[in-house]
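Produce the entire structure from the sequences given, and follow the hints as far as they go.
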Amino acid sequence: MTNVAVELGTQQQPSLHTHKHDAIAVAAGATHAHAEGQQHPIKLYLVVWGWLFVLSACSYLVDYFGLHGYLRWSLILLFMMLKAGLIVAVFMHMAWERLALAYAILLPPVLVLVFVAIMVFESDYTHLIRVLFFSSPT
Amino acid sequence: MAETALTTPGQSPVRTAGLKGVAADWSSDQRAFKNVSWGKAMMWIFLLSDTFIFSCFLLSYMTARMSTTVPWPNPSEVFALTIGGQHIPLILIAIMTFVLISSSGTMAMAVNFGYRRDRVKTAVLMLVTAALGATFVGMQAFEWTKLIQEGVRPWENPWGAAQFGSSFFMITGFHGTHVTIGVIFLIAIARKVWRGDFDVERRGFFTSRKGNYEIVEITGLYWHFVDLVWVFIFAFFYLW
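Going down the list, the sequences are from chains A and B. Just add 538 to the spot in the first sequence (first one is 1) and you have the working numbering. No gaps in the numbering here: position 106 of the second sequence is 94 in the working numbering, and each next residue is one more.
Source of the hints: derived by calculation from the structure; they are not laboratory data. Misleading hints may appear alongside valid ones.
[Said to hold, decoys possible] Below, a list of computed lysine-lysine pairs in the BS3-like style, where the Cα atoms sit at most 30 Å apart:
{"hint": "1", "chain 1": "B", "residue 1": "K22", "chain 2": "A", "residue 2": "K581"}
{"hint": "2", "chain 1": "A", "residue 1": "K581", "chain 2": "B", "residue 2": "K109"}
{"hint": "3", "chain 1": "B", "residue 1": "K22", "chain 2": "B", "residue 2": "K8"}
[What the hints assert, rightly or not] Per the computed footprint, the stretches of chain A lying under chain B, defined by three or more beta-carbons under 8 Å from a beta-carbon of chain B, are:
{"hint": "4", "stretch": "594 to 601"}
{"hint": "5", "stretch": "616 to 628"}
{"hint": "6", "stretch": "657 to 668"}
All residues carry an ideal CB built from backbone N, CA and C; glycine is no exception.
This is how it looks when you write it as structure tokens:
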């Protein structure tokens, strides 16, 4: 991690006075928000970008190799959550925002899972009714 | 009245971290988002509402797919292409995914160079992002054309459950609209960056306010969100 900080040291704009300190703090994995806006090492973005490509390729391969059943679904969900997490945390800088914002934005969508549960019961019921009363005798 | 004296400007108070910080920020009887500008906070709140819109679309799709007694068309076959005599499943969607991920990467770089006040690199990277976004929309138009020619309609399709068409056009259509708006937004902001509006603090046409490079990050938030929604559509609609 130190080489990241050193490499950045050469790229710094002298006008950003808090910059070097921040780059080192970020490289050290510290959560840090600052007045100059979100300043993070370019390398971090490139690494995340690379991972997004790898994860996308993995989820495509799930389909390409025709995996089925629970293995397929769990792999799809795993790659989806990892990609979503990387985009929100790093590209959208949520990892460096204060928790007051992070919770206000990230917790409400979690409640959508309740809606999902309701609709799963509802569609199971609809399906049952359709099978019982509307299925054409074959 | 002495109690209401303003704190000295420029002096940033030490803020508590963790859950105590959440409680302190929200109960401070001031703005809740301490070091986030109103523009950024509003974009986040807009994105939250947009999350609910797309959640509703994906949920209605889930309900339709789970409750139908007719088999669902296999997206792996529906979106397959024959390239050079080889039949490759889902290849068009895979390429679209990579195009959109690439555009997210260039956008993240644009935000970074924006805060470094590198005017030219920021504008160029934003325009590259816009070009990749336009490519994505173009491929989506191709996909729609192909499916419509094959007989997919919102009320019927040749392969199975009728709800496939309505779910497909609704979800990808709404997402494509978001990408299109994003491309326009990117070009508008890239033009401002290119012209140096944020270096000379030129006043905005509508607002008469001075802008700054944070607008690049706000544009980026919207763009990454579009990519984020695609991650979920890709997983639930195309791969499931």
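Numbers of unmet hints, in rising order: none
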